[in-house]
Amino acid sequence: MAKPITRRNFIKGSVGIVIGSAAAGLSAQGEKKARVVLIRHPEAVEAGSRFNAPVIQQMLDEGIGALLNAGDPAEAFSRLIKPGETVGIKTNVWSYLPTPAEVEQHLKRRVIEAGVAENQIGIDDHTVKTNPIFQKATSLINVRPIRTHYLAGMSGCIKNYIMFAPSQPALHPNSCADLGSTFNLPQVKGKTRLNILCCLTPQFHGRGPHHFSRRYVWDYNGILMSLDPVAVDTIGLELIKAKRSQVLGKAKELPPVPKHIKLADTKHGIGVGDLDRIELIKLGWQQDTLI
Amino acid sequence: MKKHILLFCLVFIFFCEGNPMTDVYRSLPDRILEWKAGEGDVFYDRGNLFDYMDGGAEVYLAFDFRRVLVRKFHRPGGEEMTLDIYEMGSSAEAFGIFSCDREDEEAGIGQGSEYGFGLLRFWKGSYFVTVMTAAEGEDVDRAVLELGREVAKLLGPEGPEPAILGMLPQDGLRKKRISYFHSDIHLNNRFFIAPENILKLDRETECVFAEYGPRGDPASLLIVRYTNQQKALEAYRSFVAGFMPEAADTGIIRMESLKWTQIRIAGDTVAVVFDAPTEDFARQILSGIKID
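These protein sequences, in sequence, are chains A and B. Note that our numbering has the first sequence beginning at 1, numbered continuously upward. Note that our numbering has the second sequence beginning at 1, numbered continuously upward.
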């Protein structure tokens, strides 16, 4: 069993991401690999932090194609979504850094093209538990921006499902360690077809009452995507760590304390949190990729 | 409509309680330069703070948070500026929530303040206040600071800082970097030690964290006062076992970083020095702690 990380071995640099590995005894140490695609484009974010819709849509199409080895977006989405399904797009409406509408609407368009009636597609965040579309959804798409979080360390695709939980505060103790359990809730289990972590303007550190400060947001112009929520968050955390190390210094590289990501693998079994078992495909703009 | 009725009821209850924030609320400015207050001030207490800030509420609930008033201001063009006035259980608690997140320059407002990039934070008496906007520009800075100054005038008498700060050795102390808190949530954000709560911190523990020496490479001192000696002893053992098991006998160790960590227990108090450049420096800091 790997030794849990402390300040000692973290500063020493002798560990990878082993936070939460105290529960590693529950891990399925198989050979399963997860694929994550990172796609970037220098014009995805324009002056004034406006999003360039055509560029972002092209990135989504190209990235999903690479993720699924599909020839075109229609083929890719036809593998994810079947005609006649009911689809919930779990977005994030946090006012300081919401899921871009440009991303939501493009996903919706592709789902319609895959044969889903428009009135059978929901885009929601806070009311997914009671939203009729989400209650009868046969497939879910999980999409949100990446940012740090005071309790959980990082808000990514795993944390995005906290709105499905019967009690959100019940998931807060111990640095939100059990966020991965939300993927095993009846409303969710086995339904997530795609996880998208928007890294267009990531937030790598937080201040103030809502843990937001514009000084800690930068234009990265990227999108991460995977079929695996744990793998995409694991790579996302590497990005946050790299940026924190660059700006805040090595001692503050780790946002405290993102143990829920590893535990989503080792305890809740919803994906792959081991970097050695994640295949990262990098497409597009490569400048200052950081990971 | 339902929401408006609820807000009205909350404001009504607030006034009927004879709440100490009532006078503050009645005197708050409706306008600061070109910024006008919108309708619908909102109050949150311990029971519904999650409605305002989701998981971030835990940061306040780990202190003796009582309630917060939120007033939104807008200027032509629609940009928003948010005023939050947090009523805490004591001035020590107000200082605590302020002290856990300091990065900017002093703004000269209240008993302690800072301002940068559209975020003003200050404390005075039992109140902690933030003014925040995403708008940019010198006129924005002016409005944020002016609102802060106006609010500070309304907050009544100043209050004492936490008594535990008096235990800190003064030689080399970086006073702007002192933090006071109770739980591991704040410790790990201030200074990551371990993912588990190996010092057994909770809402009853009193913690002060301070830095000594050069800004870029300081040594750190954490003092924790527990509710009794037994709890302090358990925490001491837990920390040594989890963080520095090789030093179970001596309480001092040279870390992989080549810096020194030393722990000491005295009655209900545990103190740890981290990242001291020399063994003598660690001992000097610990020996300077003023224990009753």
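If you're looking for bench data, these hints aren't it; they were derived computationally from the structure. All values derive from a computational prediction rather than experimental measurement. Where is the CB? At the ideal position from N, CA and C, for every residue including glycine. Heads up, some of the hints might be wrong.
Said to hold, decoys possible - Facing chain A, according to a computed beta carbon distance under 7 Å, are these residues of chain B, among others: (1) Q111; (2) Y115; (3) L119; (4) T130; (5) A134; (6) N189; (7) A194; (8) F281.
Do the hints match the structure? See the list:
1. Taking 7 Å as the C-beta contact cut-off toward chain A, the hint placing Q111 of chain B at the interface is violated, the least distance being around 19 Å.
2. Hint status for Y115 of chain B relative to chain A: violated, with the closest Cβ pair at about 11 Å, above 7 Å.
3. Taken as an interface hint, L119 of chain B checks out: its beta carbon lies about 5 Å from the nearest beta carbon of chain A, inside 7 Å.
4. Checking T130 of chain B against chain A by beta carbon gives a least distance of about 5 Å; that is within 7 Å, so the hint holds.
5. Hint status for A134 of chain B: holds, given a least beta-carbon distance of 6 Å to chain A, under 7 Å.
6. Residue-level restraint check for N189 of chain B holds (minimum Cβ-Cβ distance to chain A is 5 Å; threshold 7 Å).
7. Here the hint on A194 of chain B is kept, as its CB sits about 4 Å from the closest CB of chain A, short of 7 Å.
8. At its closest, the beta carbon of F281 of chain B sits 18 Å from a beta carbon of chain A; the interface hint therefore is violated under the 7 Å criterion.
When held up to the earlier numbered hints, the structure conflicts with 1, 2 and 8 and fits the remainder.
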